[in-house]
Amino acid sequence: MDSRPDSPHAPAGYQEPPPFIEPGHTFESVTSKISSIVLTKYQPISWIVTTFIAFLFLNMLLIAVGYLFVKGIGIWGNNQPVGWAFDIINFVWWIGIGHAGTLISAILLLLKQQWRTSINRFAEAMTLFAVACALMFPLIHTGRPWLAAYWLLPYPNGMSIWPQFRSPLIWDVFAVSTYGTVSALFWYTGLIPDLATFRDRAKHKITRTIYGALALGWRGSARHWQRYENAYLLLAGMSTPLVLSVHTVVSFDFAIGIIPGWHTTIFPPYFVAGAIYAGFAMVLTLAIPLRRMYGFEDFITMRHLENMAKITLVTGLIVFYGYVTEVFFAYYSANQYEKFMIYNRMTGPYAWSYWMLIFCNGVVPQTLWIKRLRTNPIWLFIMSLIVSVGMWLERFVIIVTSLHRDFLPSSWGMFYPTFWDFATFFGTIGLFTTLMFLFVRVLPMISIFEVRTLLPQAKVEGAEGH
Amino acid sequence: MQREPATSTLYGLMAEFDDPNALTEAAKRTYAAGYRKMDAYSPFPIEPVWEALGVHDRPVSFFVLCGGIVGMISGFGLCYWVSTIAYPLNIGGRPYNSWPSFIPVTFELTILFASFAAVLSMIGLNGLPMPYHPTFNVPQFLRASQDKFFLAIEAADPKFDRTKTFEFLKSLGPREINEVEN
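Chains as they are written, first to last, in my numbering: chain G, -19 to 446; chain H, 3 to 184.
Calculated directly from the structure, the hints in this document are not laboratory data.
One or more of the hints may lead you astray.
[Said to hold, decoys possible] Reference excerpt, derived from the structure (chain H facing chain G, CB under 7 Å, subset only):
#1 Y43
#2 S103
#3 H135
All residues carry an ideal CB built from backbone N, CA and C; glycine is no exception.
All chains, please: the whole structure from these sequences, using the hints.
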């Protein structure tokens, strides 16, 4: 492990990487710096402005969904042959974004990557809110969700109808709802000790009561910590296969179908890599402004940003490999429909989206090979936005260009999104941003107790650091 | 409310330390001195302290295993019952019990039940939610969730003696020793 200062295997001239937390912090300074953001009346202007704009978009979402419920899904642009469009694109996009939160909190914990500690809390919050946005689409795309529950959820209903368990769509319902629930459990478990800190620091009686109730009377007992660590590690161990299963199941929605461009075995790994890639881009999009806004450069250091950039680069290469493989599959299959699908993607009416996708996900992340760009927060922020656009386009290409020209030329058609398609999509971005900024205002956005364990004075002599 | 020293009972004595090393050392020496009904309080998990206190129980893992097994049986049972008994449908000539298709739901419910078991058993075995605990009566204890480390020996311990235990705790070099009232 590179964090061990006296590593005997270090070659001559080896330079220690910078610490995860800037030196000079004490248990008290870490605690007060993170909790003072919440336990105060003051908010930065940038917080107020961002939350206000996000709230406007949230209202647009409410209008769009309200109008949808009144008029029906005819207000959207999807129609035969493109029966699935923005609703499923946005669903897959949001659920993918959520994956980085679980990757950071669970997989990096199991791999003992201590740098995760400064970013895991808000990345987990990001997961929850992204899953909330994602879940909206399968619900509202039915037009009248209150009538559609019987084929989504298995419950005894008046028609004695049960869901079809051979369909990937029902697997998806189970995967995504389990993912949302387990992410919420994991997040809350991680919050309990920090809520106790808030309870003990809050000045106002009501604040103290609310945080006290949420902290469940946590008192930091060694016996409690032992069980807590046991449970937390097990949750991480279970979240790891869970997060891999979720996007695999999402990819089955397509891969089990017979449409050229969907029916391919590369989808599960390629979707999971794409999810992590999109998710890390979103973590960067959130982390860079937040660390600036609250002066968190001591906790979310350049080393954190660089590590995230490296993961973005690696997963971006896997995603790009997926694109290359799709082309190769089409060529090697010698199947005219498969070959036409790729030809149509590259030169058909939606060719702009394919080439934009290659630019956003294939070309732009290559700048991260250069250390100067990888350690430049402004470039990382711009790059992460481009990646988010690229990942949205990826789902657009997979869904729309595969559906609009399938086997029979007589059934070909075009898809044109409407105002309401865009209003719903941008509305969910408003919902996500509003929830994220409210979270930053009321809960610790960095895990306080875990940051304390990173300080040098937390290390007990004679014990293995971990 | 007036607190009457004569009627209030003693929960134990609590020593306060500045850093995790001092707490670990104190926990080791207290255990060696024969005290068993005691607990350490810290603002973050410190593995050597559990070891020093002789805390080593893993029932959470057992509950997680049980939760996982129950979830697995429920998941597969649900798919099987719906697809073969309650609502059998012929889908492309596949058997009613097309078990490979039932694996995703079985897997998800395994994880779901096991995760609930992990969190609920951790909370339950820790005796939470517990809004009141005698340790909260010590004003300094607010720091246990922030930056200070505490070791409490309970009056219920057979070796406990108000004066002797006080002297013993004093020999550990704490910052401060407080009486914890019930």
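* Which of the listed hints are broken here? -> Of the numbered hints, all hold.
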